[in-house]
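Novice: Taken in sequence, the protein lines are chains A and B.
Under the working numbering, the final residue of the first sequence carries the number 227; numbering is consecutive throughout.
Under the working numbering, the final residue of the second sequence carries the number 384; numbering is consecutive throughout.
Check before you lean on any hint, since a few could be wrong.
[Stated by the list, open to error] Derived coverage of chain A by chain B (criterion: at least 3 residues anywhere in the stretch with Cβ under 8 Å from a Cβ of chain B; other residues may be distant):
(1) 8-14
(2) 133-142
(3) 196-206
[Said to hold, decoys possible] Cβ-Cβ distance ranges computed for the label pairs, FRET-style:
(4) B:Gly27 <-> A:Pro98: 28 to 34 Å
(5) B:Glu296 <-> A:Ser77: 34 to 40 Å
(6) A:Gly134 <-> B:Ala36: 16 to 22 Å
(7) B:Phe38 <-> A:Asp121: 55 to 61 Å
It is worth saying that the hints were derived from the structure and are not from the lab.
Using N, Cα and C, we set each Cβ at its ideal position, and we do this for glycine too.
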Amino acid sequence: MKVIEIENLEKIYNESEIKVHAIRGIDLSFEQGEFAAIVGPSGSGKTTLLNLLGGLDNPSTGKITIGGVDISSLKSSELINFRLSNIGFVFQAYNLIPVLTAKENVEFVMHLQGKPKTERDARTKELLESVGLGDRLNSRPSKLSGGQQQRVAVARALASKPKFVLADEPTANLDTEATENLLDIMERLNREENITFIFATHDARVMKKARRVITIEDGRVLSDITK
Amino acid sequence: MIWSISWKNVWRNKIRSLVVIVAFTFGIFGGVYMVAVFVGMIDSRVKMAIGNEASHIQVHHPSYLDNNEPKYTIDDYQKYVSQIEKLPEVKGVSPRIKILGMASTSGNASGVMINGVDVDREKQVTGIAESMVEGGGSFFGEDGRKPIVIGEKLAKILKLTYYKITSEDLDRLSEKKKMHVDLPLLDSLRDKQFRSEADFEKALTGLLGKSEAEKFAFHIKAAAIKYRLKRRIVLSFQSLDGNIAYDAFRVVGIYKTGNSAFDGLNLFVRMSDIAPVASMQSNQVNQMAILLSSVEYDDQVAEQVMEIMPGMDVQTWDEIMPEAGMYASAMDFYLFVFMIIILLALGFGIVNTMLMAVLERIKELGMLMAIGMNKKRVFSMIML
Chain A
1 MKVIEIENLE
11 KIYNESEIKV
21 HAIRGIDLSF
31 EQGEFAAIVG
41 PSGSGKTTLL
51 NLLGGLDNPS
61 TGKITIGGVD
71 ISSLKSSELI
81 NFRLSNIGFV
91 FQAYNLIPVL
101 TAKENVEFVM
111 HLQGKPKTER
121 DARTKELLES
131 VGLGDRLNSR
141 PSKLSGGQQQ
151 RVAVARALAS
161 KPKFVLADEP
171 TANLDTEATE
181 NLLDIMERLN
191 REENITFIFA
201 THDARVMKKA
211 RRVITIEDGR
221 VLSDITK
Chain B
1 MIWSISWKNV
11 WRNKIRSLVV
21 IVAFTFGIFG
31 GVYMVAVFVG
41 MIDSRVKMAI
51 GNEASHIQVH
61 HPSYLDNNEP
71 KYTIDDYQKY
81 VSQIEKLPEV
91 KGVSPRIKIL
101 GMASTSGNAS
111 GVMINGVDVD
121 REKQVTGIAE
131 SMVEGGGSFF
141 GEDGRKPIVI
151 GEKLAKILKL
161 TYYKITSEDL
171 DRLSEKKKMH
181 VDLPLLDSLR
191 DKQFRSEADF
201 EKALTGLLGK
211 SEAEKFAFHI
221 KAAAIKYRLK
231 RRIVLSFQSL
241 DGNIAYDAFR
251 VVGIYKTGNS
261 AFDGLNLFVR
271 MSDIAPVASM
281 QSNQVNQMAI
291 LLSSVEYDDQ
301 VAEQVMEIMP
311 GMDVQTWDEI
321 MPEAGMYASA
331 MDFYLFVFMI
341 IILLALGFGI
351 VNTMLMAVLE
361 RIKELGMLMA
371 IGMNKKRVFS
381 MIML
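Use the sequences and the hints to build the structure in full.
Specialist: If you want it as structure tokens, here you go:
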């Protein structure tokens with residue numbers, strides 16, 4: 001079943017005098033349960049494509065359909081609610097809320113969804129245990145290592161039971177051991193819970209783990225290989 | 001949870017938050033303190049002016065105020081007094097004969113406003129009876145023939161004061177905490193009498209030296225001043241029939257309000273003593289002063305008095321003393337401007353802090369919106 005369909009996607013930045021053609025007519029689709037990596041050199045358009053997929057930016061032309069909904073036609077407030085229920089985000093710099101504990105960071109998304117406390121508590125515990133942080137529920141981000149923070153970010157991304165998770169360079173700030181650990185967790189969640197993961201990365205370790213690798217350059221898809 | 005995050009965010013930068021809180025607290029406290037001081041000052045000045053001088057409402061014959069001529073009278077005043085007294089907001093009504101005249105003693109003479117009053121009623125309306133100076137008799141407390149009560153300032157003008165330090169005065173001065181003067185030095189002045197303030201000051205300066213004398217003269221003079229009670233004052237004025245009338249009165253009381261101009265001008269005699277001299281009937285007065293239970297009723301009662309006394313000139317305190325009314329309203333305006341300035345300064349401070357809090361967390365706020373926090377919630381979180 002197709003979760004995401006991208007048709008003739010283009011993104012042009014007009015902010016400076018020179019127009020930047022970041023995405024040039026991309027057509028792609030993703031199935032439920034994929035573990036895919038979008039790879040390419042810096043400036044190739046990976047992050048732009050991910051931002052467009054996550055509804056964080058609007059395409060100049062083209063269409064992105066997620067679960068049958070054309071997200072480019074949604075209003076800003078509708079888009080926020082759509083993201084809340086359908087998309088999980090993992091960022092390169094973890095971006096946890098520094099004043100909240102690991103448990104509160106994960107719980108926060110469910111709080112925004114209006115989930116009852118009992119459900120929030122149970123899911124938070126389950127998620128943090130599944131990423132190996134069952135004993136660090138009450139630790140603030142500043143007391144966690146980079147790898148642990150990124151695992152909290154993965155748990156947070158999954159808290160709202162999204163259709164897919166977008167991860168932008170999730171391993172860029174991690175050492176080899178933490179990277180392996182994180183990728184193993186995400187792969188297990190992908191297999192066990194059939195959650196779709198899409199990475200933007202140029203980390204060879206991620207490419208190795210991914211079952212589909214899409215290479216883009218200058219805003220175009222160069223290759224799309226399913227292993 | 002928004003509340004929880006907001007609260008935790010406040011303490012993210014403890015020093016900054018504390019500085020803002022302290023600045024805000026001091027700003028508001030300072031503003032409120034200044035307003036309270038000024039409002040208290042205005043209130044006290046207006047209350048004193050109302051209590052001792054003008055009362056809340058005054059009624060005159062419409063022509064009286066043109067030249068203060070006593071021939072313009074309120075006739076059958078007793079009838080009006082009893083009607084006005086029945087109004088629930090009225091605390092007291094004092095009918096007065098008011099005549100401009102001259103007060104003379106063997107020492108000097110001065111222009112005065114003679115107030116012929118009903119003593120008991122006057123006590124209900126003004127605070128003069130409570131403003132008698134120490135050693136200055138009482139407000140018609142003694143039954144004597146033709147008593148008169150004058151202000152301390154007028155007593156000085158009419159040379160009805162002298163300066164003499166007694167043993168009791170020295171004892172009282174020694175009990176004063178801030179009197180660090182060498183009191184035994186003043187012993188040489190004990191029981192010596194000085195006719196004028198200037199002579200006494202000269203003697204003090206000779207004893208204590210210029211700087212010490214300047215420093216403590218106020219307290220020493222206040223202790224040493226004595227009043228020549230029972231002295232005779234001759235009042236002369238134009239009576240209602242146009243002749244110059246004279247009569248002699250004996251000083252029974254000296255008062256002192258906070259307004260020395262008032263004290264230098266106004267003297268009080270019994271209405272029953274002055275009316276026959278002024279050729280006025282026993283049912284005639286020139287003024288009726290009305291004291292209310294609260295200043296807020298002034299306009300309402302003034303209207304009711306106008307209905308009771310048609311054709312008479314009814315004035316409220318701010319019309320009688322426009323300077324006091326203007327002072328009060330001008331001060332209100334300045335305080336308003338003052339508070340606006342304080343609040344604006346505080347407002348800019350807070351906006352600046354919030355702007356810093358937003359700009360330095362712009363990535364975090366972006367992340368919150370990315371994961372599904374709407375603008376309203378982000379705004380609430382910052383504002384809280």
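Novice: Which numbered hints turn out to be false for this structure?
Specialist: 1, 2, 3, 5 and 6
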